[in-house]
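Asks: Listed below, chain by chain, are the residues.
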Amino acid sequence: MNIVVCLHAPPPDPDGAGIGRDDAFALTQALALAGGPHTVTAVLAGTSHESGPLQRALIAGANRAVRIGGEDYASVDFHTLGQALAAGVKKIGADLVLTGARSDDEGLGAVPASTARSLGFPFIATIEELAAAGPRAVEVVVRGGGRKRRLRVELPAVLSIVAPPPGATLRGDRTANPREVELLTLADPETTVVRRRTELLGKPEPASRGAEEVTSAKAFVAALTRR
Amino acid sequence: MARAAGVTVFAVVMTERHLDEKVALQLGRAGADKVLSCEGPGLGAPPLDLTHGAALYAAVERIPPLLVLFPAGGAGAQLGPGLASRLGGAFAASADLELGEAATPLADGIGRIFVRRWRGDRSSYRRLDPVELERPVVAVLPAGGAFVERGSSDVEVEIITCVAPTKLGVSEIASEVDEHAAASLASILVVVDPAVGAEALAKLSAAAPADVTVVDAVAAASAIAMAVPRIVVTVGGRPSPVSGTPRSRIGAVLANGDAAARSPRAATDVVLRMGAGGATDELLGELAASLSALVGGEKGKRA
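In order, the protein sequences belong to chains A and B. Numbering-wise (my numbering), the first sequence opens with residue 5 and increments by one. Numbering-wise (my numbering), the second sequence opens with residue 48 and increments by one.
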């Protein structure tokens, strides 16, 4: 089984883990499934400066780490990013595509759906647990409609994963994995990435609203319910 | 808002059997002008893009919509991204609606509906105008309150017969009641760090009125990951696991020595510090007693 984990470059944060919470959990789940005939490939669309999560994936034990180079993916919408990732995944080859349910910045959760649509794979969002169920299927746990369900999903599929707190901790030794991040360009004429633009409209927007500090529960509630 | 903007409201219902007339009447009273009932095998089950996505798209394609809105609490997280992808539209995972004037106004007396969603760093929001974008916006709205009658029971119902997919690729192995289901629908959510102590969770839970949901930050983490509350209160050092919408308010009750909880997903609006000894009984008691005021204030704001 070829497992591809799609990663996202988190916003710059000196105290951050260098990889999104949900992305890290997706990677640990993929690595838990790996071994034997299974391979794990981490993929990220971005610049070389944004390849930190791929280095983390190699440290954690991913078989390959592939950066899809090209445009400034930080400024494109989820349709374009999904198409770019899908184009990369098609070249790599995948039975199972895992992603974090939401990135730590935009947090829309829409890229996995777009990737699945571009790949023509079925998509299930916000799964909590993942286990192998034979060579061509996995078992997942997902909530919805007041139920917590365990489902058997035939592959290929795209699954987005929600991390439990405090999030996954990726461990490993970089020296134990001599592989380097590979570069994949989408210059193939068969690959058409449609650039879309999100239009920003309307009046001037407010600056950061900041945090107000209060000293009593009464003031706390009043601040939370202020018009 | 739809009346002011001069737009028609369609309610889309997925059902295994024929739509119950009571449900259609209730949707009409809630403000729907028309109900689209997608009827087909498997559509009564909890929604997945895999099982419900095509049926939803078939219904939505008939309209075609300016805005597709999901209520908070599950279906939006499952179906919203896939629908936005199929429609080629924008997506907002937690958004507010706003009625305003556009730079290029429509006819006299017709307002414009905007969708507000957070920017990546949560410092400001984006205002999306579906008319200017020339493509639909799919959005998940925050959890609401009690049912409010805004329409009439005179509602037209159109039935869309959906056929089951020939190859589904998914089967249910087990299913149990989700004990944290209410948390994903909560309008006012209090998230208690277990490090603060079980007594704090018990005390706040016992004092919480019906409209306030109090959960353990770890035990309910997965359930609340996709919640869209209007007010979030975190108690203890853990940052808020959810950001809510641009109009949502986030409060943090912190131990005295703690820095304001940092989260890439949520900016804290109000901070209340506990005493030097941590979660003092007195302060938790005061907070517990104030929870009903939180409900009252929020209801007043919505009114």
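Rather than coming from a laboratory, the hints here were simulated on the basis of the structure. Please note that the accuracy of each hint is not assured.
[Unchecked claim] A few chain A residues that face chain B, going by a derived Cβ cut-off under 7 Å, partial list only:
#1 Gly73
#2 Tyr77
#3 Lys152
#4 Pro182
#5 Val218
#6 Leu228
Ideal Cβ placement from N, Cα and C applies to all residues, glycine included.
Asks: State for each hint whether it applies.
Replies: Against the structure, the hints come out as follows:
1. Gly73: 22 Å, violated
2. Tyr77: Violated - the Cβ of A/Tyr77 stays beyond 7 Å from chain B, reaching only about 13 Å at its closest.
3. Lys152: Holds, about 4 Å.
4. Pro182: 32 Å, violated
5. Val218: 5 Å, holds
6. Leu228: 5 Å, holds
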